[in-house]
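Residue numbers (our numbering), protein chains in the order written: chain A, 170 to 921; chain B, 283 to 363; chain C, 41 to 200.
Any given hint could be a false lead.
As the list claims (entries may be wrong) - Cβ-Cβ distance ranges computed for the label pairs, FRET-style: (1) A:Pro-870 with B:Lys-315: 23 to 29 Å; (2) A:Val-304 with B:Ala-324: 40 to 46 Å; (3) B:Glu-305 with A:His-349: 46 to 52 Å; (4) A:Asn-208 with C:Glu-56: 20 to 26 Å.
Think of the hints as simulated: they come from the structure by calculation, not from any bench. A virtual CB, placed ideally from N, CA and C, is assigned to each residue, including glycine.
Listed below are the residues making up each chain.
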Amino acid sequence: MSFDAAYQSKTFNSVGTRPLRPDGVDKVTGRARYGADFNMPGQLVARVLRSPHAHARIRGIDTSKAEAVKGVKAIVTAADLPDLTNGNADLFAILDNCMARDKAMYDGHAVAAVAAIDEKAAKQALKLIEVDYEVLPHVVDVDAAMQTDAPVLNETVFTTGIEPAPTSPSNVTNRAEFGHGDVDAGFAKADVIVERSYKTEQTHQGYIEPHACVANCNTDGTADLWVCTQGHFVYRQNCADLLGLEVSKLRVTSSEIGGGFGGKTHVWAEPVALALSRKAGRPVKLIMSREEVFRASGPTSATSIDVKIGARKDGRITAASATLRYSSGPYPGMWAELGAMTSFACYDLDNVQTVGFEVLVNRPKVAAYRAPSAPMAAFAVESAVDELAHTLGIDAVDLRVKNAAKEGTKSSYGPVYGPIGIGPTLQAAKSHPHMSAPLGKNQGRGMACGFWFNFGGQTCTDLNINADGTVTLAVGTVDVGGSRASLSLIAAEELGIAYDDVKAVVADTATLGYNDMTDGSRGTFSSSMATISAARNAIKVMCKRAALTWDIPLEDVYWEDGHAHAAGTKHGNRAPLSVKELAAEAGNTGGPIAGHSELVADGAGVSFATHICDIEVDPETGSSRVVRYTVIQDAGKAVHPSYVEGQYQGGAAQGIGWALNEEYVYGADGRLQNPGFLDYRIPVCSDLPMIDTQILEIPNPNHPYGVRGVGETSIVPPLAAIANAVSNAVGVRMSHIPISPPRILAALDGNG
Amino acid sequence: MVDVTLWAGLRPLADDQKTLRIEATTIRELLRKLEAQYPALAGPIRNQIAVVVDGVIYRDDWSATIPEGAEVFLMRRLAGG
Amino acid sequence: MASIAVSTTINDDDVEFLCQPDETLLDVLRNRLGLMGAKEGCGTGDCGACSAIMDGRVVCSCLVLGAEAQGRTIETIEGMADGGELHPLQRKFIEHAALQCGICTPGFLIAAKALLEVNPDPSETEIRFWLAGNLCRCTGYDKIVRAVQDAAREMRGETA
Chain A
170 MSFDAAYQSK TFNSVGTRPL RPDGVDKVTG RARYGADFNM PGQLVARVLR
220 SPHAHARIRG IDTSKAEAVK GVKAIVTAAD LPDLTNGNAD LFAILDNCMA
270 RDKAMYDGHA VAAVAAIDEK AAKQALKLIE VDYEVLPHVV DVDAAMQTDA
320 PVLNETVFTT GIEPAPTSPS NVTNRAEFGH GDVDAGFAKA DVIVERSYKT
370 EQTHQGYIEP HACVANCNTD GTADLWVCTQ GHFVYRQNCA DLLGLEVSKL
420 RVTSSEIGGG FGGKTHVWAE PVALALSRKA GRPVKLIMSR EEVFRASGPT
470 SATSIDVKIG ARKDGRITAA SATLRYSSGP YPGMWAELGA MTSFACYDLD
520 NVQTVGFEVL VNRPKVAAYR APSAPMAAFA VESAVDELAH TLGIDAVDLR
570 VKNAAKEGTK SSYGPVYGPI GIGPTLQAAK SHPHMSAPLG KNQGRGMACG
620 FWFNFGGQTC TDLNINADGT VTLAVGTVDV GGSRASLSLI AAEELGIAYD
670 DVKAVVADTA TLGYNDMTDG SRGTFSSSMA TISAARNAIK VMCKRAALTW
720 DIPLEDVYWE DGHAHAAGTK HGNRAPLSVK ELAAEAGNTG GPIAGHSELV
770 ADGAGVSFAT HICDIEVDPE TGSSRVVRYT VIQDAGKAVH PSYVEGQYQG
820 GAAQGIGWAL NEEYVYGADG RLQNPGFLDY RIPVCSDLPM IDTQILEIPN
870 PNHPYGVRGV GETSIVPPLA AIANAVSNAV GVRMSHIPIS PPRILAALDG
920 NG
Chain B
283 MVDVTLWAGL RPLADDQKTL RIEATTIREL LRKLEAQYPA LAGPIRNQIA
333 VVVDGVIYRD DWSATIPEGA EVFLMRRLAG G
Chain C
41 MASIAVSTTI NDDDVEFLCQ PDETLLDVLR NRLGLMGAKE GCGTGDCGAC
91 SAIMDGRVVC SCLVLGAEAQ GRTIETIEGM ADGGELHPLQ RKFIEHAALQ
141 CGICTPGFLI AAKALLEVNP DPSETEIRFW LAGNLCRCTG YDKIVRAVQD
191 AAREMRGETA
């Protein structure tokens, strides 16, 4: 690969400014088209029948009465989605989750689906589908599922990662261990040891737009899918694999996406919609209701975590260990493993050991949620670090500074760090006015750090220079939070033209090469790298065209400030040629001018943040209120600072909701009790203060402009920062998230 | 020569070794040699691997060079949000 | 069920439509009239993405029956701009980066417009409680509140 991704310090003209986003007008006028805003001629309406049981064997499904309903055009069950997964367990889990086969594994698991001419007929048909269930014992709690007497969800699961291999099946799918040194020896050297168990409840990404798609299978084997997704190329691959379609014949168009946060990285309903369309021979529109979104799409893990940290009197940590149990829903996951890797990643530790257990429960299949698994681990560890600071009588920030990881530190998950930003965020926190502001009555202050890996990945971009010299940038990473604006800035910067002369669009799967999803904070990081590469390729073409125009050798042409220049005096003082001038003549100098790029954007660079928050607790009711909140995070280079701030603020708000309110509540029958925004309460405008942000810019050595991903890390510290603030306010260590009013009252009662 | 550290789940597939010494200058060469020596690693290498070279995580770019004496870890390919 | 004929005013235009007795105003707007700016985020009146103004009051159009529009005056996001001229709130939302995914934006704009019509100089707290019926999962509300404050200032004729 000739493209050099190494960071080169430069003065920016466009990058770092705050222009208006290109999709702004569409979005404020109601014209932007999301998943549910697209229709096709002759389109049918789909509805999904879902299991009312947490765990049940499906003995049979009789659809004959439903098929007889006038207007019903197709009904599908697992029989219409045969297993083509060829032993790929991950793909089989996706298939089984889309449509239950032998067993319904959770309340809300899809068992059948109907396509009809209208909603009324579809709903009527759902009522007439007869499913013969044998209800089985269920388990929804992560700790209960690990007990030896718990109902076993899958008789073929034997825990991997333990020696000797177990001889009986269990709900623990895997044990993963990380660390180095000798923790026993480290604890023996400690003057003080803190040890505590923590729990966090299951939450949902809570995107406001429910999953929606329009699927169309044609008789010639071609198919189209319009869908709200974080990764249309990945959806194409998943759907093609599950339905036995040729990848090239399935064209997936990503609509505007109404929030994803990891929850739109997984297919749920799309293969079902395609199966219905294939069977009915007509386009099918499938929109999940909010209740279905909660019951059957992407929750995060519920967790149970034990943490032990030992330190000398001077605050130096001598050993740290954690055992993390994460629920993954009914299928194996690697969520605890991620928690085990990230838990102590902020610290420089001689002796550290973390062990993660993946646990099956009768809840929806866990999906990624913004820095998946890291917030819960950070909650437990950062609570313990705070407790340690109290025990030692050392300032909470100073204790973290003393133990913070730095360049050369062997990380708790294994590798040695390059240049990292944890130290600078802690120093910024220490000197931030928030840290020294006075607190009011019943108020407490907390702070916490967070870590996330960040990814890059496969990326493909086209940059077309139009006849008028303006630029169309076609990217394949879905824009979830303003990346079209930041990528336009990047193209403008590299070409030396005005931001307004660039129009970025998200191309569909038929018009651009493969792109990984917008996940792992990769959208702007990786597509900006590809955009820089594409722009440099276009510049090469333009230099050639200038050489032709001037009839001089190519090596005498160079590019600067948006113009081709003739080098040296030997070519006279030729006026430089602008992009517009070169574009105008393109037809006579070799045809259209374009730059293409395909690359793997690796080297995203790990990311750190420190958050500070003040909470006021009402001791009468146990209710709490965030009165001040500050986010400090390293962005590498903030391309469009407004949208970097937006990521910081949005992640913090989601973390605040997780910390204080949000939780899946299950009844004794294993049914979800709160599948709606009224009872699953995400933060509303009146719950929050302004969220202050401080962007640090420590250039990423592996990106030409120093850019790092910024999307995810902001959700990692809030759970711990809030728990520490509430604990400081009430004088009792809060160890169970969400810290809802009943839990605060119980803590106060226990204390009083 | 580079020392490659395997994640715990891979060790049973490589004679229970935690660290392997391999002669390789790129990730691709490293993985090819690992697979040749320990055929049981082929599945994980194809489907679920990330390679960390001196702290930088590579998930796809197997052309990345491995400097002499670099610290190399095989990690599970991670999910993001 | 027999359809009901409804005559109403939407964004200053006389509109007639047929709808089922159990059909919501949101479904009528989206599916019968092509006004897709209102979004269904929940269908239970909790998220505000479907906000419309009916006779001067903000309503969740998912909780209003289409038949209830008879003889009323409805405003939707599609009527907020004056031809090619964006409403100050629309402009300020873009300027302040008050939207990320944008799915909640039409609802917020409708609700904020109704607020500024009854209270041209709201405090931050008043803005936050007025908008508490509209959910946003992307922004943390910070930039939304600032955009409303700035639009209110401009509409009052003050310079920032």
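Is it true that B:Glu-305 and A:His-349 lie within 46 to 52 Å of each other by Cβ?
25 Å, violated
Can you tell me whether the CB distance of A:Pro-870 to B:Lys-315 sits inside 23 to 29 Å?
28 Å, holds
Range first: 40 to 46 Å. Now tell me if the beta carbons of A:Val-304 and B:Ala-324 are that far apart.
42 Å, holds
Within 20 to 26 Å: is that where the Cβ-Cβ distance between A:Asn-208 and C:Glu-56 falls?
22 Å, holds
Checked against the numbered hints above, the structure breaks only hint 3 and satisfies the rest.
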